[in-house]
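Colleague: If you want the building blocks of each chain, they are given just below.
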Amino acid sequence: MSKEWKPRLVAFFCNWCTYTAADLAGVSRLKYAPNVRVIRLMCSGRIDPQFILEALTKGADGVLIGGCHPNDCHYVEGNYKMLRRFQLLKRMLGDMGIEPERVRLEWISAAEGEKVRRVVNEMTEQIANLGPLGMPGRFAEWDREVESLAAQIEAREGGGCGCGSSGAETAEKEVAHV
Amino acid sequence: MAKQEQEVRIGFYVCHCGTNIAAMVDCPEVAQFVGTLPGVVLSKDYKYMCSDPGQELIQQDIREHRLNRVVVASCSPLLHEPTFRSATEKGGLNQFYFHMVNIREHDSWVHTDRAEATSKAKALAQAAVHRVAHHKPLETKRVSINPTTLVVGAGIAGIHAAMTIANSGKKVILVEREPTIGGHMAKFDKTFPTLDCAACILTPKMSDVGSHENIQVLSYSEVTKVDGFVGNYTVTVKRKPRYIDEEACIGCQDCIPACVFKQPKFADEFNEGLGKRRPVYIPFPQATPQIVAIDPNTCLNFKKGEDGGRVVSDKCKKTCVEACGDKNAIDFTQVERIEEYEVGSVIVATGFQTFDARRAPAYGYGRFPNVYTSLEIERLVNASGPTGGHVVMRDGKSEPRSVGIIHCVGSRDKKTNVWCSRVCCMYSMKLAHLLKEHTGAEIYNFYIDVRTPGKGYEEFYNKLLDEGVHFIRGRVGEVTDWAMTPDEEGKLVIRVEDTLAGYVRRIPVDMVVLATGLEPQQDAQDVRRMFNMSCGSEGFFLERHPKLAPVNTFNDGIYIAGACQGPKDIPDTVAQAGAAAAEVLALIDKGFVEQEPNTAFILEDECSGCKSCIPLCPYTAILFDEGKGRAYINEALCKGCGTCVGSCPSGSIVQNLFDDEEIFSEIEGVLAYE
Numbered sequence: 001m002s003k004e005w006k007p008r009l010v011a012f013f014c015n016w017c018t019y020t021a022a023d024l025a026g027v028s029r030l031k032y033a034p035n036v037r038v039i040r041l042m043c044s045g046r047i048d049p050q051f052i053l054e055a056l057t058k059g060a061d062g063v064l065i066g067g068c069h070p071n072d073c074h075y076v077e078g079n080y081k082m083l084r085r086f087q088l089l090k091r092m093l094g095d096m097g098i099e100p101e102r103v104r105l106e107w108i109s110a111a112e113g114e115k116v117r118r119v120v121n122e123m124t125e126q127i128a129n130l131g132p133l134g135m136p137g138r139f140a141e142w143d144r145e146v147e148s149l150a151a152q153i154e155a156r157e158g159g160g161c162g163c164g165s166s167g168a169e170t171a172e173k174e175v176a177h178v
Numbered sequence: 001m002a003k004q005e006q007e008v009r010i011g012f013y014v015c016h017c018g019t020n021i022a023a024m025v026d027c028p029e030v031a032q033f034v035g036t037l038p039g040v041v042l043s044k045d046y047k048y049m050c051s052d053p054g055q056e057l058i059q060q061d062i063r064e065h066r067l068n069r070v071v072v073a074s075c076s077p078l079l080h081e082p083t084f085r086s087a088t089e090k091g092g093l094n095q096f097y098f099h100m101v102n103i104r105e106h107d108s109w110v111h112t113d114r115a116e117a118t119s120k121a122k123a124l125a126q127a128a129v130h131r132v133a134h135h136k137p138l139e140t141k142r143v144s145i146n147p148t149t150l151v152v153g154a155g156i157a158g159i160h161a162a163m164t165i166a167n168s169g170k171k172v173i174l175v176e177r178e179p180t181i182g183g184h185m186a187k188f189d190k191t192f193p194t195l196d197c198a199a200c201i202l203t204p205k206m207s208d209v210g211s212h213e214n215i216q217v218l219s220y221s222e223v224t225k226v227d228g229f230v231g232n233y234t235v236t237v238k239r240k241p242r243y244i245d246e247e248a249c250i251g252c253q254d255c256i257p258a259c260v261f262k263q264p265k266f267a268d269e270f271n272e273g274l275g276k277r278r279p280v281y282i283p284f285p286q287a288t289p290q291i292v293a294i295d296p297n298t299c300l301n302f303k304k305g306e307d308g309g310r311v312v313s314d315k316c317k318k319t320c321v322e323a324c325g326d327k328n329a330i331d332f333t334q335v336e337r338i339e340e341y342e343v344g345s346v347i348v349a350t351g352f353q354t355f356d357a358r359r360a361p362a363y364g365y366g367r368f369p370n371v372y373t374s375l376e377i378e379r380l381v382n383a384s385g386p387t388g389g390h391v392v393m394r395d396g397k398s399e400p401r402s403v404g405i406i407h408c409v410g411s412r413d414k415k416t417n418v419w420c421s422r423v424c425c426m427y428s429m430k431l432a433h434l435l436k437e438h439t440g441a442e443i444y445n446f447y448i449d450v451r452t453p454g455k456g457y458e459e460f461y462n463k464l465l466d467e468g469v470h471f472i473r474g475r476v477g478e479v480t481d482w483a484m485t486p487d488e489e490g491k492l493v494i495r496v497e498d499t500l501a502g503y504v505r506r507i508p509v510d511m512v513v514l515a516t517g518l519e520p521q522q523d524a525q526d527v528r529r530m531f532n533m534s535c536g537s538e539g540f541f542l543e544r545h546p547k548l549a550p551v552n553t554f555n556d557g558i559y560i561a562g563a564c565q566g567p568k569d570i571p572d573t574v575a576q577a578g579a580a581a582a583e584v585l586a587l588i589d590k591g592f593v594e595q596e597p598n599t600a601f602i603l604e605d606e607c608s609g610c611k612s613c614i615p616l617c618p619y620t621a622i623l624f625d626e627g628k629g630r631a632y633i634n635e636a637l638c639k640g641c642g643t644c645v646g647s648c649p650s651g652s653i654v655q656n657l658f659d660d661e662e663i664f665s666e667i668e669g670v671l672a673y674e
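Read top to bottom, the protein sequences are chains H and E. For the first sequence, the working numbering assigns the number 1 to the initial residue and increments by one for each residue that follows. For the second sequence, the working numbering assigns the number 1 to the initial residue and increments by one for each residue that follows.
The hints are simulated quantities; they were obtained by calculation from the structure and are not laboratory data. Cβ coordinates follow ideal geometry from the N, Cα and C atoms, glycine included. Some hints could be false.
Claimed, not checked - Once the Cα atoms are required to be at most 20 Å apart in a straight line, the calculated EDC-like pairs of lysine to aspartate or glutamate come out as: (1) H:6 with E:116; (2) E:225 with H:77; (3) H:31 with E:26; (4) E:303 with E:314.
Claimed, not checked - Which chain H residues face chain E? A few, computed with CB under 8 Å, are given here: (5) 20; (6) 58; (7) 81; (8) 140.
Between the sequences and the hints, there should be enough to build the whole structure, so can you do that?
Modeller: Here you go:
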């Protein structure tokens with residue numbers, strides 16, 4: 001973090017509503033924070049919770065999901081499916097110690113360019129206040145910890161004959177730590 | 001499979017879009033950065049990628065540099081993805097080896113910091129470069145187009161669109177929820193600025209529609225359900241009972257005077273309640289189809305049923321049936337019928353409703369009898385209206401000697417509707433002219449701005465000024481019957497700040513006309529959902545592009561025309577209806593559409609047979625093969641939402657164009673750039 005830290009948001013937008021709304025925001029020349037990177041999907045129902053976890057793991061400080069308003073899904077009910085997964089995921093993220101504000105689900109219709117602007121700005125500000133999530137850094141730290149533990153064990157066993165058992169032990173420790 | 005192993009050679013292009021992008025994003029820098037990414041063999045910036053030379057550039061580079069992937073960073077894929085896909089294909093590649101990056105709508109147009117915007121463009125470009133490496137060659141699916149068209153709403157927009165299509169020899173089903181076609185225009189007296197009579201130009205068209213061999217008019221009917229996709233829609237239509245056998249009725253109207261109600265006594269909807277009708281009625285003399293209707297809410301042969309609806313009581317003498325005689329057209333046993341139609345495309349022309357003047361209580365509509373809405377005045381000055389064109393006030397005899405017309409009632413008002421309804425200035429002036437012509441009254445127009453953008457409109461305004469119609473600039477504060485001076489006694493006093501004269505005035509008049517604005521139909525949201533369209537923030541249907549696709553919607557094969565898209569006058573409505581008809585004819589004549597191949601399929605070897613995807617599919621496209629113990633997807637039914645893909649626990653469902661590999665690499669790419 002040598003450079004000044006700025007929040008990075010990954011957004012998954014439904015092609016039919018929020019993505020179009022973001023286009024509308026552009027056409028209307030609304031101005032909002034440049035921290036969001038949009039990934040287009042055909043429906044918010046396509047969003048696998050893994051996408052969100054992957055984004056956080058790879059360095060996003062927050063994830064925004066934009067879907068059609070209830071009752072308005074282009075594919076009947078994909079947005080409800082997303083909502084269900086979202087609720088479960090949110091609980092899980094809490095257990096993992098990730099602040100719930102980092103992942104946000106919004107219903108934004110194709111006409112609501114203004115809402116895109118508001119939500120992105122709000123979320124950018126919120127995440128800026130929370131500070132970096134820094135998952136890649138944390139992973140690197142954990143890796144180093146594990147490595148040093150492995151090295152310690154290696155040293156303690158002093159190159160004895162029990163290579164197989166020490167290997168197994170390390171693996172066990174790794175698992176326990178993660 | 002071997003082909004996929006081949007080395008990835010990506011060509012990257014960043015578009016300046018004139019200065020639209022280049023002013024906020026450093027395009028050469030983006031190109032230079034992307035050029036350093038693995039897999040990218042060439043990276044260029046160019047002024048207009050969508051231009052012919054821009055597309056030619058892609059094609060040439062594909063051939064010369066043996067590119068096998070193409071990425072263009074420019075505007076929204078919703079605008080130019082087809083353009084670049086086709087350029088990719090012309091260059092000799094499968095069109096789905098292309099990916100587009102949106103750095104205009106999502107970047108240069110919405111940000112103010114050039115360095116930030118440039119970084120964002122780089123991140124998005126890197127994501128696309130990562131993603132496109134995983135793209136697979138796909139084939140579009142050709143779907144044939146059913147040549148029958150559904151037109152919803154038979155006002156002037158629906159009528160014109162239906163006629164245009166039918167005249168080319170294609171079948172049209174025209175659905176109208178009222179007993180007659182004609183819509184709002186049928187109620188108007190004259191049309192601005194030419195002052196030709198609305199009925200004279202509309203009713204011949206109406207009867208042409210009614211008798212056209214290619215048009216099937218379903219009046220007094222509503223669309224209740226739409227299934228399918230472009231080219232092949234199944235539409236469910238509810239035929240409301242009019243208690244008349246449409247085949248048997250010859251339109252003689254003998255039943256109307258024969259009704260047991262000797263005098264018409266029920267409010268006549270067509271005349272905005274100013275006239276009266278019997279329970280058996282025809283909305284107006286030139287109604288199409290020329291078939292009467294029986295209103296079960298007022299007819300004596302009906303009573304209140306147990307569920308609150310109307311049921312036949314058989315208590316009436318049924319003199320109408322006697323009058324009908326051996327034609328036997330009256331059928332009290334009729335019930336609602338549900339019919340299904342197969343169509344290929346749909347034009348939605350459901351029109352507008354006028355603003356309810358009661359929502360602007362300061363103007364006293366509903367409190368003071370002589371406050372009218374503009375539509376009521378249209379009927380009042382109409383020769384076939386309730387008074388035969390004689391302008392009298394609610395007492396039924398006195399003519400107004402002064403009339404105040406208040407503009408922008410329910411338009412340009414933060415408390416109600418913020419938009420300009422576009423037609424009110426012109427129709428107010430038309431009504432001013434007609435009222436003056438009919439009664440010789442002094443006419444005062446109270447306006448915020450006079451808006452007359454249209455052929456001959458400004459000239460019409462000048463004509464009115466010459467005729468001595470008064471124009472007072474100012475939004476009216478209130479209409480009151482509280483007299484302060486003897487000459488205000490018994491009059492309606494309009495209180496207004498005359499912003500040109502610079503003082504508050506009180507103007508006593510006999511009659512007040514409220515120029516009510518246009519707003520979306522009450523059930524516009526339901527209609528929107530049914531046809532899978534979008535609405536703008538004001539509730540009018542949203543066009544695909546405000547300039548380049550004004551009659552298209554985001555749903556292929558569904559077009560919009562007329563005031564359901566936004567307030568507009570008759571010339572614009574007709575022009576738009578013609579445009580929608582042309583779009584439909586282009587679709588029909590082409591005969592097929594290419595469908596995006598973003599459907600999903602199941603990897604049989606990996607499916608665990610858990611069946612969790614099956615109930616998720618809204619189109620019941622997923623089936624279970626009991627023999628194999630695996631699920632499979634019927635590609636013809638799949639619409640490509642990806643819901644099943646996102647929920648498959650074993651990751652064995654793949655969505656074309658949006659498979660896991662592609663999306664994960666996009667996530668990784670978008671975050672790879674700091």
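Colleague: It remains to establish, for every hint, whether it holds in the given structure.
Modeller: So, going through the hints one by one against the coordinates:
no. : hint             : in the structure
1   : H:6 with E:116   : holds (10 Å)
2   : E:225 with H:77  : holds (16 Å)
3   : H:31 with E:26   : holds (18 Å)
4   : E:303 with E:314 : holds (9 Å)
5   : 20               : holds (7 Å)
6   : 58               : holds (4 Å)
7   : 81               : holds (5 Å)
8   : 140              : violated (15 Å)
Violated hints amount to a single one, hint 8; each of the other numbered hints is respected by the structure.
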